[in-house]
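Colleague: The chain contents come next:
There are 2 protein chains.
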Amino acid sequence: MDVVDLFKKRKEIIGNVVTLEGWIRNHRKQKEFGFIDFSDGTCQEHLQVVYDKSLYNFEEVSKLLVGCALKVTGEIVKSEGGGQDIELKATIVELLGDCPAEYPLQPKRHTNEFLRSIAYLRPRSNLYQAVFRVRSVAAQAIHEYFQSNNYVYVHTPLLTTADCEGSNQMFKVTTLDIDKIKGKVDWSKDLFNKLAYITGSGQLHGETFAMAFKKIYTFGPTFRTENSNTKTHANEFWMIEPEIAFCELNGLMDIEEEMLKYVVQYVLDRCHDEIDLCDKFVEKGLREKLEKLVKSDFTRITHHDVIDILKKADVKWEFEPSYEDDIAKEHERYITEYFNGPVFITNWPKDIKAWYMKLNPDGKTVAAVDLEVPLSGELMGGSQREDDYDTIMELAKKHGVDTDVVDWYINLRKYGGCYHSGFGMGFERLIMYLTGVENIRDVIPYPRTPGSCEY
Amino acid sequence: MDVVDLFKKRKEIIGNVVTLEGWIRNHRKQKEFGFIDFSDGTCQEHLQVVYDKSLYNFEEVSKLLVGCALKVTGEIVKSEGGGQDIELKATIVELLGDCPAEYPLQPKRHTNEFLRSIAYLRPRSNLYQAVFRVRSVAAQAIHEYFQSNNYVYVHTPLLTTADCEGSNQMFKVTTLDIDKIKGKVDWSKDLFNKLAYITGSGQLHGETFAMAFKKIYTFGPTFRTENSNTKTHANEFWMIEPEIAFCELNGLMDIEEEMLKYVVQYVLDRCHDEIDLCDKFVEKGLREKLEKLVKSDFTRITHHDVIDILKKADVKWEFEPSYEDDIAKEHERYITEYFNGPVFITNWPKDIKAWYMKLNPDGKTVAAVDLEVPLSGELMGGSQREDDYDTIMELAKKHGVDTDVVDWYINLRKYGGCYHSGFGMGFERLIMYLTGVENIRDVIPYPRTPGSCEY
Numbered sequence: 036m037d038v039v040d041l042f043k044k045r046k047e048i049i050g051n052v053v054t055l056e057g058w059i060r061n062h063r064k065q066k067e068f069g070f071i072d073f074s075d076g077t078c079q080e081h082l083q084v085v086y087d088k089s090l091y092n093f094e095e096v097s098k099l100l101v102g103c104a105l106k107v108t109g110e111i112v113k114s115e116g117g118g119q120d121i122e123l124k125a126t127i128v129e130l131l132g133d134c135p136a137e138y139p140l141q142p143k144r145h146t147n148e149f150l151r152s153i154a155y156l157r158p159r160s161n162l163y164q165a166v167f168r169v170r171s172v173a174a175q176a177i178h179e180y181f182q183s184n185n186y187v188y189v190h191t192p193l194l195t196t197a198d199c200e201g202s203n204q205m206f207k208v209t210t211l212d213i214d215k216i217k218g219k220v221d222w223s224k225d226l227f228n229k230l231a232y233i234t235g236s237g238q239l240h241g242e243t244f245a246m247a248f249k250k251i252y253t254f255g256p257t258f259r260t261e262n263s264n265t266k267t268h269a270n271e272f273w274m275i276e277p278e279i280a281f282c283e284l285n286g287l288m289d290i291e292e293e294m295l296k297y298v299v300q301y302v303l304d305r306c307h308d309e310i311d312l313c314d315k316f317v318e319k320g321l322r323e324k325l326e327k328l329v330k331s332d333f334t335r336i337t338h339h340d341v342i343d344i345l346k347k348a349d350v351k352w353e354f355e356p357s358y359e360d361d362i363a364k365e366h367e368r369y370i371t372e373y374f375n376g377p378v379f380i381t382n383w384p385k386d387i388k389a390w391y392m393k394l395n396p397d398g399k400t401v402a403a404v405d406l407e408v409p410l411s412g413e414l415m416g417g418s419q420r421e422d423d424y425d426t427i428m429e430l431a432k433k434h435g436v437d438t439d440v441v442d443w444y445i446n447l448r449k450y451g452g453c454y455h456s457g458f459g460m461g462f463e464r465l466i467m468y469l470t471g472v473e474n475i476r477d478v479i480p481y482p483r484t485p486g487s488c489e490y
Numbered sequence: 036m037d038v039v040d041l042f043k044k045r046k047e048i049i050g051n052v053v054t055l056e057g058w059i060r061n062h063r064k065q066k067e068f069g070f071i072d073f074s075d076g077t078c079q080e081h082l083q084v085v086y087d088k089s090l091y092n093f094e095e096v097s098k099l100l101v102g103c104a105l106k107v108t109g110e111i112v113k114s115e116g117g118g119q120d121i122e123l124k125a126t127i128v129e130l131l132g133d134c135p136a137e138y139p140l141q142p143k144r145h146t147n148e149f150l151r152s153i154a155y156l157r158p159r160s161n162l163y164q165a166v167f168r169v170r171s172v173a174a175q176a177i178h179e180y181f182q183s184n185n186y187v188y189v190h191t192p193l194l195t196t197a198d199c200e201g202s203n204q205m206f207k208v209t210t211l212d213i214d215k216i217k218g219k220v221d222w223s224k225d226l227f228n229k230l231a232y233i234t235g236s237g238q239l240h241g242e243t244f245a246m247a248f249k250k251i252y253t254f255g256p257t258f259r260t261e262n263s264n265t266k267t268h269a270n271e272f273w274m275i276e277p278e279i280a281f282c283e284l285n286g287l288m289d290i291e292e293e294m295l296k297y298v299v300q301y302v303l304d305r306c307h308d309e310i311d312l313c314d315k316f317v318e319k320g321l322r323e324k325l326e327k328l329v330k331s332d333f334t335r336i337t338h339h340d341v342i343d344i345l346k347k348a349d350v351k352w353e354f355e356p357s358y359e360d361d362i363a364k365e366h367e368r369y370i371t372e373y374f375n376g377p378v379f380i381t382n383w384p385k386d387i388k389a390w391y392m393k394l395n396p397d398g399k400t401v402a403a404v405d406l407e408v409p410l411s412g413e414l415m416g417g418s419q420r421e422d423d424y425d426t427i428m429e430l431a432k433k434h435g436v437d438t439d440v441v442d443w444y445i446n447l448r449k450y451g452g453c454y455h456s457g458f459g460m461g462f463e464r465l466i467m468y469l470t471g472v473e474n475i476r477d478v479i480p481y482p483r484t485p486g487s488c489e490y
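The listed protein sequences correspond, in order, to chains H and C.
Mapping of the first sequence onto my numbering: residues 36 to 490, in sequence order.
Mapping of the second sequence onto my numbering: residues 36 to 490, in sequence order.
The reader is advised that the hints may include incorrect statements.
Intra- or inter-copy, both count: the list cannot distinguish identical chains.
[Stated by the list, open to error] Subject to a maximum C-alpha distance of 16 Å in a straight line, what follows is the list of computed EDC-like cross-link-like pairs (lysine to aspartate or glutamate):
| id | residue 1 | residue 2 |
| --- | --- | --- |
| 1 | K224 | D214 |
| 2 | K229 | D214 |
| 3 | K229 | D212 |
| 4 | K106 | E283 |
| 5 | K449 | D133 |
| 6 | K224 | E261 |
| 7 | K449 | D422 |
| 8 | K449 | E137 |
| 9 | K229 | E489 |
| 10 | K347 | E372 |
In case anyone wonders, no lab produced these hints; they're calculated from the structure.
Whole structure, please, built from the sequences with the hints as guidance.
Modeller: Spelled out as structure tokens, the structure:
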């Protein structure tokens with residue numbers, strides 16, 4: 036039996052005898068009896084296991100340390116103590132796996148830095164139990180949102196020989212024994228007869244499936260070679276990239292807003308204890324922030340009008356707002372505070388955005404949209420895609436894209452093309468938003484960052 | 036409106052005027068009217084769009100070719116013709132995206148080989164609409180099975196610097212400009228200060244999370260460098276790897292059986308037309324096979340007893356069955372026919388299985404299990420994991436595993452270890468089983484095989 040199912044039945048299970056398996060998270064012993072803080076990891080809440088001298092192995096049990104794996108049998112009874120409504124009165128406590136005193140994960144506050152150094156043990160701690168369960172539940176929320184709205188989940192390839200996104204941002208991949216090669220590498224001897232890369236986006240492939248299934252999404256790992264040691268960058272992360280045929284920018288914003296609210300509500304409904312813990316120890320006011328988001332109307336405003344507001348603001352900017360440039364972190368923060376909620380910023384200067392974005396009639400901006408959320412900044416980025424064959428050919432050439440390599444992508448505009456849009460959301464950014472955790476290393480099971488690829 | 040939602044309302048929607056966007060899959064024109072086989076890709080069934088001379092642009096519409104993107108408005112009416120119960124009587128037909136006569140995907144039977152050469156267009160064909168929708172629905176079935184049974188979905192890392200699985204089976208990954216290097220490569224200058232690989236399994240990392248959450252699963256892309264051009268091998272594929280604490284081999288088989296039946300039933304319930312199409316054009320008897328699986332009891336038998344049966348069989352084997360060896364394809368086929376259903380084969384000779392599998396008391400076999408299904412052969416492989424510290428240290432050394440590199444994995448046996456088990460299922464094998472498609476290249480959106488990494 037899983038402890039989570041026991042807690043779901045809570046009242047009605049009182050008086051039943053159950054057998055559970057799990058671990059000691061804490062242990063208070065007294066002369067005549069003891070209390071074990073017991074968890075099997077299936078929920079945030081721990082079960083109190085009480086035992087006394089009636090156990091035939093009382094002496095052995097009372098010596099067990101934090102981390103031990105146990106099998107316990109006993110009656111579920113109403114708890115007299117504070118802090119819990121039910122507890123297990125043990126009649127049998129059997130040791131399954133011992134744990135020594137030098138176990139690194141003791142029940143005290145450790146720093147996140149220390150916990151990263153024992154990444155294989157940290158998911159047993161309260162905070163990481165919460166973070167990684169929220170991660171799992173949020174992933175399911177995303178799948179359920181898209182599947183229930185007729186989207187097809189597409190597994191776009193990670194390996195590619197097309198370096199259309201700029202190969203300097205992509206990992207190279209090879210089966211050759213490079214250390215043994217003398218002189219120039221003969222890539223034709225590689226597994227794919229060419230140098231291959233790991234792609235940084237499934238969007239182009241995703242569009243080909245949107246032209247067949249109307250609505251698709253990807254959800255998979257993504258890689259960037261950025262040599263940047265910040266709180267928000269990792270070299271391996273997960274991304275969601277939906278792509279929708281017959282959808283323009285306003286429709287795309289409707290979808291982004293609906294999806295985000297769905298995911299947040301889903302997590303609020305299913306991760307009550309996890310959000311409480313993060314609210315208490317990570318980000319004060321987290322629950323209120325999330326509940327507010329679900330009820331809010333997202334503002335929609337052009338990049339131009341955002342710059343107007345920033346210029347008029349009585350603030351000394353570190354970075355001067357400009358109609359031609361991207362906005363900085365300080366601007367993102369100001370604008371979400373200004374509107375007191377999430378803000379869609381649309382119609383960005385074309386030169387700072389990707390080559391496939393739809394050119395607006397003004398010839399200067401593209402139909403792109405970034406979603407900024409309070410406290411976290413940019414959460415999603417999307418656009419309508421250029422659907423005119425001649426225009427996209429021109430844009431590709433202007434951006435130095437090899438059109439021979441992506442002829443299949445460009446051909447979508449020739450064979451029953453249509454207006455369509457899509458967006459990308461970094462999954463870790465979402466988890467950081469949902470938990471308040473500020474360092475991306477703490478929401479990824481085994482983070483990969485420059486100089487660090489441990490485990 | 037999505038066409039799938041229209042069909043769901045079928046009868047009640049008759050008399051309503053709707054606007055739809057989608058593509059021409061076929062077009063029959065006559066002098067006074069025309070019939071468009073219309074699909075927006077949200078379901079297998081196409082909608083018949085009927086138009087006549089009352090259209091202001093009748094002449095233009097009647098010239099539209101297969102592949103064009105359209106917006107149509109009209110009344111849903113009862114269909115007089117055979118083959119469909121409702122149809123759309125168009126009052127407006129607007130061309131959104133033209134398609135020329137040289138469009139490669141004409142409505143006739145193409146070979147799978149040809150369709151692979153237009154992988155970016157093939158999802159628009161009936162067969163691939165079915166295959167990739169089944170793929171999406173089956174993925175969701177897997178998530179729903181595990182999530183509803185208290186499993187945590189874990190994103191194990193793909194990049195690793197630990198070559199514990201044998202680096203000759205893994206892709207090397209680098210950010211160095213290898214072509215420009217003269218002499219020996221200095222891997223310390225690489226992004227991770229070491230040579231990195233793409234892993235071929237998330238199991239070891241998965242186990243660390245099972246020791247925290249009791250039940251976890253992974254579902255993500257996996258890579259193998261095998262230079263093998265067969266119908267069942269790809270260099271990039273997706274895999275599911277659940278890992279369960281406090282679970283021995285019999286419990287593992289219970290889970291495998293329950294999960295497979297759940298997924299098959301889920302697909303039968305939601306992909307009626309897709310399974311019908313595959314039954315008709317790909318594998319005769321497919322539906323019956325799937326329906327039978329859900330109702331069957333899976334046989335459980337040891338490898339030793341399987342060899343007994345094979346030796347007694349009145350068959351001239353190409354490969355002689357042996358108590359010390361793996362079984363061949365011909366044996367798999369025989370044994371599922373012999374038991375007329377799926378068969379779990381347990382307790383394999385230790386020398387042909389992985390180093391971390393639990394040694395049985397006989398000292399000769401390990402607590403491993405393969406699931407063989409009729410027609411497809413091996414679908415899942417799993418085992419109980421060795422949970423004794425000294426034994427796994429010994430096994431690791433015997434198999435040449437660098438125990439310094441996987442000390443964290445081995446340490447799980449020291450810090451509250453417990454008996455636990457897990458299995459792996461290749462997702463493509465499942466899709467081939469569910470659709471009857473025989474070549475793995477035809478169930479992956481963009482397959483990667485030796486010499487072939489197109490798109």
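Colleague: Now tell me, hint by hint, if it's right for this structure.
Modeller: Hints and how they fare:
{"no.": "1", "hint": "K224 with D214", "result": "both (15 Å within a copy, 14 Å between copies)"}
{"no.": "2", "hint": "K229 with D214", "result": "between (18 Å within a copy, 13 Å between copies)"}
{"no.": "3", "hint": "K229 with D212", "result": "both (15 Å within a copy, 15 Å between copies)"}
{"no.": "4", "hint": "K106 with E283", "result": "between (57 Å within a copy, 14 Å between copies)"}
{"no.": "5", "hint": "K449 with D133", "result": "between (66 Å within a copy, 7 Å between copies)"}
{"no.": "6", "hint": "K224 with E261", "result": "between (28 Å within a copy, 14 Å between copies)"}
{"no.": "7", "hint": "K449 with D422", "result": "within (9 Å within a copy, 59 Å between copies)"}
{"no.": "8", "hint": "K449 with E137", "result": "between (66 Å within a copy, 11 Å between copies)"}
{"no.": "9", "hint": "K229 with E489", "result": "between (29 Å within a copy, 10 Å between copies)"}
{"no.": "10", "hint": "K347 with E372", "result": "within (15 Å within a copy, 78 Å between copies)"}
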